[in-house]
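Participant: Residue numbers (the working numbering), protein chains in the order written: chain Y, -3 to 308; chain F, -3 to 308; chain L, -3 to 308.
To be clear, the hints were calculated from the coordinates, so they are not data collected in a lab. Some hints could be false.
A pair holds if it fits inside one copy or across any two, identical chains being indistinguishable in the list.
With a cut-off of at most 25 Å between alpha-carbon atoms, the simulated DMTMM-like pairs for lysine to aspartate or glutamate come out as follows [unchecked claim]:
#, residue 1, residue 2
1, LYS31, GLU87
2, LYS210, ASP270
3, LYS31, GLU296
4, LYS112, ASP270
5, LYS31, ASP303
6, LYS112, GLU273
7, LYS161, GLU222
8, LYS(-2), ASP19
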Amino acid sequence: MKHLLDIGVLTPDDLHHLMALTDHMVEVNQRPIPKVPALRGKTVVNLFFENSTRTLTSFDTAARRLSADVMNFAVSSSSVNKGESLRDTIETISAMGVDAFVVRHKSSGAPMQVTKWTNASVVNAGDGWHQHPTQALLDCYTIRTHLNRRTGFDGLHIAIVGDIKHSRVARSNVQAFTALGAHVTLVAPPTLLPPAVETWPVTVSHDLDSLIAKVDVLYLLRMQRERMVDALVPSLREYTGAYGLTPLRAARLRPHALVMHPGPMNRGVEMAVDPSELPGSMVLHQVTNGVAVRMAVLFELLGSGADLATSA
Amino acid sequence: MKHLLDIGVLTPDDLHHLMALTDHMVEVNQRPIPKVPALRGKTVVNLFFENSTRTLTSFDTAARRLSADVMNFAVSSSSVNKGESLRDTIETISAMGVDAFVVRHKSSGAPMQVTKWTNASVVNAGDGWHQHPTQALLDCYTIRTHLNRRTGFDGLHIAIVGDIKHSRVARSNVQAFTALGAHVTLVAPPTLLPPAVETWPVTVSHDLDSLIAKVDVLYLLRMQRERMVDALVPSLREYTGAYGLTPLRAARLRPHALVMHPGPMNRGVEMAVDPSELPGSMVLHQVTNGVAVRMAVLFELLGSGADLATSA
Amino acid sequence: MKHLLDIGVLTPDDLHHLMALTDHMVEVNQRPIPKVPALRGKTVVNLFFENSTRTLTSFDTAARRLSADVMNFAVSSSSVNKGESLRDTIETISAMGVDAFVVRHKSSGAPMQVTKWTNASVVNAGDGWHQHPTQALLDCYTIRTHLNRRTGFDGLHIAIVGDIKHSRVARSNVQAFTALGAHVTLVAPPTLLPPAVETWPVTVSHDLDSLIAKVDVLYLLRMQRERMVDALVPSLREYTGAYGLTPLRAARLRPHALVMHPGPMNRGVEMAVDPSELPGSMVLHQVTNGVAVRMAVLFELLGSGADLATSA
Chain Y
-3 MKHLLDIGVL TPDDLHHLMA LTDHMVEVNQ RPIPKVPALR GKTVVNLFFE NSTRTLTSFD
57 TAARRLSADV MNFAVSSSSV NKGESLRDTI ETISAMGVDA FVVRHKSSGA PMQVTKWTNA
117 SVVNAGDGWH QHPTQALLDC YTIRTHLNRR TGFDGLHIAI VGDIKHSRVA RSNVQAFTAL
177 GAHVTLVAPP TLLPPAVETW PVTVSHDLDS LIAKVDVLYL LRMQRERMVD ALVPSLREYT
237 GAYGLTPLRA ARLRPHALVM HPGPMNRGVE MAVDPSELPG SMVLHQVTNG VAVRMAVLFE
297 LLGSGADLAT SA
Chain F
-3 MKHLLDIGVL TPDDLHHLMA LTDHMVEVNQ RPIPKVPALR GKTVVNLFFE NSTRTLTSFD
57 TAARRLSADV MNFAVSSSSV NKGESLRDTI ETISAMGVDA FVVRHKSSGA PMQVTKWTNA
117 SVVNAGDGWH QHPTQALLDC YTIRTHLNRR TGFDGLHIAI VGDIKHSRVA RSNVQAFTAL
177 GAHVTLVAPP TLLPPAVETW PVTVSHDLDS LIAKVDVLYL LRMQRERMVD ALVPSLREYT
237 GAYGLTPLRA ARLRPHALVM HPGPMNRGVE MAVDPSELPG SMVLHQVTNG VAVRMAVLFE
297 LLGSGADLAT SA
Chain L
-3 MKHLLDIGVL TPDDLHHLMA LTDHMVEVNQ RPIPKVPALR GKTVVNLFFE NSTRTLTSFD
57 TAARRLSADV MNFAVSSSSV NKGESLRDTI ETISAMGVDA FVVRHKSSGA PMQVTKWTNA
117 SVVNAGDGWH QHPTQALLDC YTIRTHLNRR TGFDGLHIAI VGDIKHSRVA RSNVQAFTAL
177 GAHVTLVAPP TLLPPAVETW PVTVSHDLDS LIAKVDVLYL LRMQRERMVD ALVPSLREYT
237 GAYGLTPLRA ARLRPHALVM HPGPMNRGVE MAVDPSELPG SMVLHQVTNG VAVRMAVLFE
297 LLGSGADLAT SA
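Only chain Y is shown next, with the shape it has when bound in the complex (with noise of 0.2 Å):
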C-alpha cells in the first residue's frame, strides 16, 4: 500500500488487516507514555485546502505518536496565496523532504492529482462530496469494537441518515460496511439522496421511526445549514422532526444499538438529544480510535518493519 485515497478499493482482507493494525495502536496509546520510535525522522506533511481542526489534529497527534515530524499548512497560510499552483505547491514541498502529504481539498480528486506529482505517499483526508477513507475506517474499527465483530459485519444493520448527496462520509461508509457484510440503508429525503442511489448497494427509506428499532448502528450525518438555504430541506425544524435523533427515537433505539456521528455535530438538528446521555453513543470513541486508525494508516504507508513494543 503506497497511498490511501479510496476505501472502494481496500479488499475486506485489507479492512480487516488495518483493524488488526488499529488493535496495536490502541495498546500504544494506553502506555504510560504513548509514543513509539516507528516512524522516526519520516516527515508528514498536513495540507489542508479546507478548515477541519479536527481531522487536523488527528492526524497530527497520529504522527507525533509515531515520533514523526509533522508540519501542519492551513491555505490561508500556503503560498497559494501567491497563485502558486497545487502542483507547484505540492512539487516544492516535496524538494525538502517529505515521507507523507495528507490531504484535505474540497475538489473530488484533488488528493489523487497529488500522487501524480510527488514520490511521497498521500493520504485522502477528505475530498469534496468524494471520498473520507480514515472516517469509514475509524467507524468500522469503532462498530467491530463495541459489537464485538472481529470477523466481519454480516447480518448487521446500519443507517445512515442525513444528507447523503453532500457527503464523502456517506460515500466511503457504505463501502466499508457493506464491504464488510453489513446491510446499509439510507434515510434522507429525497432532495438529499445522489443522483444514482439506486446503483448503489444500499436500501433507501424516507421513514426513520419505521426504522429506528430495527437498526444495530443509527449513523447521523451532520446537517450543513447551506442546505437550507440551497432549498433542499424546508427548514432546520422541520429536519429534525423527520430525520433528527429525538429523545422519543432516542428510547426507540434497541439496547444494544450504536449511535454515530463523524463530527461536529449540531445539537438539537440532527443530534436533538444530548448524546453523553445516551448508553449508546459512540460520538467520543469514534474520536478516540481516530487516533488509532491513522496511527495504523501511517505506520502501513511508512513503516519498515519498526517494532511496535519498544517506546519512544
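Put chains F and L on the given structure of chain Y with help from the hints.
Facilitator: Frame of chain Y; chains F and L shown alone:
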C-alpha cells in the same frame, strides 16, 4: 493540585512551594541543553480563544522544555467556526488523549467550565476580567528573587497603577501579593476602579505622586485604548500626566524599587520612560521568569516523581 | 560568524566554507533518518512579517533536522496586532530564551535592527528589496554542484532576467555570483533596472534573445503582478514576449545551461515552458538545496563543535 484556575485558592504554603519548584526550573533553563524529560509522552494543548503571542509562547516553551508534546490552537483556526460548542471542542480534543488544557478565554469562568468536560488538568491562562494565576505567580517570583524575599512579602508596599476595573492581572496579583504579606495600594481614577473595591484587602489612591517615592514595587497595568472609546479616561495624554511613569516620576523612585508591567507595554502611555534605562525595570525578568513558573505549574500538575536532574 | 544579514560581507572563502558545510548536510539528508543532534536544546524562532510558506518551511525543516526546537510566528498572529513595537516583540521573545531569530520583513534593514535588541543570532530571510542571503547561498551551491564548479565560478556567464529593481534575490545573487568569479548580465526593461545600476559589477542588456544561446545559467526572477498596476510593464503578455522563457528560447539554450528561479514561479509569464520538461531546470534542486544550505547556516551560527556523524 489537579487544576490551576484561581490564584485565590492557593495558600501561602502553596505559593512558596510553587516558587521553590520554579527555582529548580530556573536552574534547568540555565543548562547548556535546557530540557528535562519530566513530561515525556504527555500532551499539553494550548487553547487560546483570545490572541496572545506572549502568553502562548511562554506556555509553549515551558511545555517543550519539559519534553511534553504541545498542540497550539487559536480560535480562528478552530472548529468553533463551524458552530461547534466549547463543550464539544473540549470533549473532542480530550478524546484524542490530552493531559492538560491551557485555556485563555474572554469569558470569566470558561476554564472552570472546561474542567467539567475533560479528565485532563486545566490551567487558566487568563479569563475575562477574572483571573490570570500564572501571571500572579511569575510576578511574585520576580519580586521574591529581586528583593530577596524568600520567606514572604511582609512589610513590602506594592502599588498597582491603572485600569484595575478591567484587569484580571490586578485581581490575581492583589490576592497573591496580600497572601504573601504585602501591603497593596491601588492607584487609579475612580472610573477605573472595580465596583466593590472597598471589600478588597487594599488601600486606594488617586494620587500617584504622593506614593511614588514610598513604594517598593510599582506595578503598571496596560492602558487599553478601548477605554478611551468608553470615555472612562479623557485622553491618553491626560492619563499619562496623572498615572504614567514619566521620567520625573521615575527619578523619584526609591533606589531599590522595582518597576513591573505584564506586557505588552504601551510606550509613551503608562510606560512613558524607556524601561531599558530604569535600573529597577523587571519587564524582561518577568518574561524570563514566566517560562520557569509555567514549567513549575505544568510539572506540579502532570509530573509523577520524575527527576529534574536528568537531562532530556 | 554571529549573524547572517548580508551576503555582501562574506568573502569567497566564507562562501566556500559554507558550501563545504552544505555538502555535509546533503549527506545527512540522504540518511535513512535525516537528523543529527547538533542543535539539541537550541531554540530557533522563525519570525515572518511577510507571508512565505516556502522559505518558512525550509528554515523550519532545516532547524528540525538539526534537532533544534522551532517556533514559527507569522505577523498576523503576533502581538504586533496589539501595537507592540518590533523592539518589544524581539526583547520579549528573546527573554524566553532564544538562540536564533530568522527574520523576514518588508523593511530593508529590519534584521540588522533586530541584532541590537537580542543576544541571539539573527538570520535575514529576506528584507524588503535589500538582501536574501540564504537564497544566494543555495543558488551558488546549486550552480557549484550541477556545473561541477567546486573551486569557483571563473568564466561562467550568468544572466539574471526580470524585475531587478524590486528584487532582493537579484541584489544578493549579483554579490555572491561575482564574488565567486562569475560574469553577470542583468536583462530587463529600463523600468525594472535599479537607479544606480552602472555602479554594479555587471553588464546590462535589454535583449534576451541575443544572450540566451551564450549563457551558462539563466536565472529568471518572479514577475510580480503589482508591477503592471504601477505601469512598469505594459502587460504580462508583452513581458513574456520580450523576457519570458518560451519554448523557442528554451530550444536555444546551450545543452549544459541551467535554468533557475527562486519561486514561486508564474507559469506562463516568466516561466512560459514547463520546467519539468527542461533538462537543465534547477527549480526543484534549488528547493532541496535550500534546506541543506539553511542547515549549514544554522549550524555555523549555533553549533559548538557538535559531531555531524552522530545520528539524532
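Participant: Would you mind marking each hint as holding or not holding in the structure?
Facilitator: Consistency of the hints with the structure:
no., hint, in the structure
1, LYS31 to GLU87, "between (31 Å within a copy, 22 Å between copies)"
2, LYS210 to ASP270, "within (21 Å within a copy, 59 Å between copies)"
3, LYS31 to GLU296, "both (16 Å within a copy, 22 Å between copies)"
4, LYS112 to ASP270, "between (45 Å within a copy, 15 Å between copies)"
5, LYS31 to ASP303, "both (12 Å within a copy, 20 Å between copies)"
6, LYS112 to GLU273, "between (47 Å within a copy, 15 Å between copies)"
7, LYS161 to GLU222, "within (13 Å within a copy, 42 Å between copies)"
8, LYS(-2) to ASP19, "within (21 Å within a copy, 31 Å between copies)"
The earlier numbered hints are all upheld by this structure, with none contradicted.
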